[in-house]
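Q: Chain order of the listed sequences is A and B.
Mapping to the UniProt record's numbering: the first sequence position 203 is 203, numbers consecutive.
Mapping to the UniProt record's numbering: the second sequence position 199 is 199, numbers consecutive.
It is possible that part of the hints are untrue.
Since copy identity is lost for identical chains, a pair holds within one copy or between any two.
Listed next, the in silico DSS-like pairs over lysine-lysine satisfying Cα-Cα at most 27 Å (straight line) [stated by the list, open to error]:
hint: 1; residue 1: K178; residue 2: K105
hint: 2; residue 1: K87; residue 2: K121
hint: 3; residue 1: K105; residue 2: K121
hint: 4; residue 1: K198; residue 2: K210
hint: 5; residue 1: K180; residue 2: K40
hint: 6; residue 1: K92; residue 2: K121
hint: 7; residue 1: K40; residue 2: K52
hint: 8; residue 1: K186; residue 2: K6
hint: 9; residue 1: K24; residue 2: K112
hint: 10; residue 1: K26; residue 2: K92
hint: 11; residue 1: K92; residue 2: K119
hint: 12; residue 1: K24; residue 2: K53
hint: 13; residue 1: K206; residue 2: K24
hint: 14; residue 1: K190; residue 2: K180
hint: 15; residue 1: K52; residue 2: K119
hint: 16; residue 1: K186; residue 2: K119
hint: 17; residue 1: K87; residue 2: K40
Since the hints were made in silico from the structure, they are not lab data.
Computed from a predicted structure; not experimentally measured.
2 protein chains.
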Amino acid sequence: MADEVKLFRTWSSRYSLRIVWALKLKGLEFDTIFEDLANKSPLLLQYNPVHKKVPVLVHNGKPVCESLVILEYIDETWNEAHPLLPKDPFQKAEARFWAKFNDEKLLPSIGKASLGHGKEKEEARVLIPEYLKHVEEQLEGNNFFGGEEIGYLDLAFGWMVYLIDVLEEVGGTTFINKEKYPLLSKWIQKFYEIPVFKESWPDRDKLITKYQNYV
Amino acid sequence: MADEVKLFRTWSSRYSLRIVWALKLKGLEFDTIFEDLANKSPLLLQYNPVHKKVPVLVHNGKPVCESLVILEYIDETWNEAHPLLPKDPFQKAEARFWAKFNDEKLLPSIGKASLGHGKEKEEARVLIPEYLKHVEEQLEGNNFFGGEEIGYLDLAFGWMVYLIDVLEEVGGTTFINKEKYPLLSKWIQKFYEIPVFKESWPDRDKLITKYQNYV
Chain A
1 MADEVKLFRT
11 WSSRYSLRIV
21 WALKLKGLEF
31 DTIFEDLANK
41 SPLLLQYNPV
51 HKKVPVLVHN
61 GKPVCESLVI
71 LEYIDETWNE
81 AHPLLPKDPF
91 QKAEARFWAK
101 FNDEKLLPSI
111 GKASLGHGKE
121 KEEARVLIPE
131 YLKHVEEQLE
141 GNNFFGGEEI
151 GYLDLAFGWM
161 VYLIDVLEEV
171 GGTTFINKEK
181 YPLLSKWIQK
191 FYEIPVFKES
201 WPDRDKLITK
211 YQNYV
Chain B
1 MADEVKLFRT
11 WSSRYSLRIV
21 WALKLKGLEF
31 DTIFEDLANK
41 SPLLLQYNPV
51 HKKVPVLVHN
61 GKPVCESLVI
71 LEYIDETWNE
81 AHPLLPKDPF
91 QKAEARFWAK
101 FNDEKLLPSI
111 GKASLGHGKE
121 KEEARVLIPE
131 YLKHVEEQLE
141 GNNFFGGEEI
151 GYLDLAFGWM
161 VYLIDVLEEV
171 GGTTFINKEK
181 YPLLSKWIQK
191 FYEIPVFKES
201 WPDRDKLITK
211 YQNYV
């Protein structure tokens, strides 16, 4: 039986793009269902009744939710083409640690620092340089967070590639400059130029409009 | 070379206990370093410079942080004795999904519902029955969340075994009653009676005192 792979996403969801990129790296064919979060489809509610959120990957009728969980599922299920996670348990633990750090610390702080207000915004802006320093260090001696090749942790951090400069513009600030974070800046460029991701980037003007509505 | 395994924890940390239980299920010898979070040791700060938190597992000098990441590390490193995660990628994804649900939804809500105040407390109390219903459903047809044997997801939910009735007493409410959640109630009893966990339970009176100070 041929695999049937469906991805429920929105046009701009940064968690969904991780899955798009993973499926493209694995060379998998898949159907995309674009959701309108103001009017969620009955299928999305059926497949993710707990969180009612995208992304959901449906593989041969079985739903998998939560983007980092989906990445691991994809890597374990289609394990031959382009491995995403390292084989070594310690390196794997490090990749999982930093992906969690991204989701719980870095990404929310950059959101608050660009779109937030008052004390929350100020506090986030203080934290970000230390967070980004940690991230920059993970690239020392490597092309990608995954090493020579792009991998799981790159996909977790991948939202920065297309969203940092949007959030910088909307928030009227700079988070990543080339002098302070040279490795991260180079990584953003390398990630952006990966041929199989070419069609994946959300429209920048639409993103600017979307996030301006949040401020 | 014999493995050197050290666990940095506190006496009551519910995330640390997951690791204690996992190491005991695997039959591993390990040294325990009890931290005082008001006066963290230089070693803890060295091993977990990002979060400065317990638990940290140090295996042959290498630190692994974040309890769910540590559980996967332990299972991958010592994979023969008592497997913690299912082999099947879909079942593994389900276990990871519910562990994340515990950490992000169930556990914080029960904390707020017992120790919080005002609107935050009221909102949490409304959510909990729905959350617990999802958890109860995961036990249908099974002894443990891991199936026939105790596993990764049991350890993630394991804080309920010794802490729910403490939080119920301190918060003056009942979260889990036997009539509404019979499977979860039975699971708590079964988990509590596992022989290798016998020495692991934190002192109940000390827990009551600790959490009363939070209200």
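Q: All hints, please: hold or fail.
A: Hints, verified against the model:
no., hint, result
1, K178 with K105, "within (22 Å within a copy, 38 Å between copies)"
2, K87 with K121, "neither (39 Å within a copy, 44 Å between copies)"
3, K105 with K121, "both (14 Å within a copy, 24 Å between copies)"
4, K198 with K210, "within (22 Å within a copy, 54 Å between copies)"
5, K180 with K40, "neither (42 Å within a copy, 31 Å between copies)"
6, K92 with K121, "neither (33 Å within a copy, 38 Å between copies)"
7, K40 with K52, "within (8 Å within a copy, 40 Å between copies)"
8, K186 with K6, "neither (33 Å within a copy, 38 Å between copies)"
9, K24 with K112, "neither (31 Å within a copy, 41 Å between copies)"
10, K26 with K92, "both (19 Å within a copy, 20 Å between copies)"
11, K92 with K119, "neither (36 Å within a copy, 40 Å between copies)"
12, K24 with K53, "within (22 Å within a copy, 37 Å between copies)"
13, K206 with K24, "within (23 Å within a copy, 53 Å between copies)"
14, K190 with K180, "within (18 Å within a copy, 54 Å between copies)"
15, K52 with K119, "between (31 Å within a copy, 24 Å between copies)"
16, K186 with K119, "neither (32 Å within a copy, 46 Å between copies)"
17, K87 with K40, "neither (38 Å within a copy, 33 Å between copies)"
Figure legend: structure checked against the earlier numbered hints; hints not met, in rising order: 2, 5, 6, 8, 9, 11, 16, 17.
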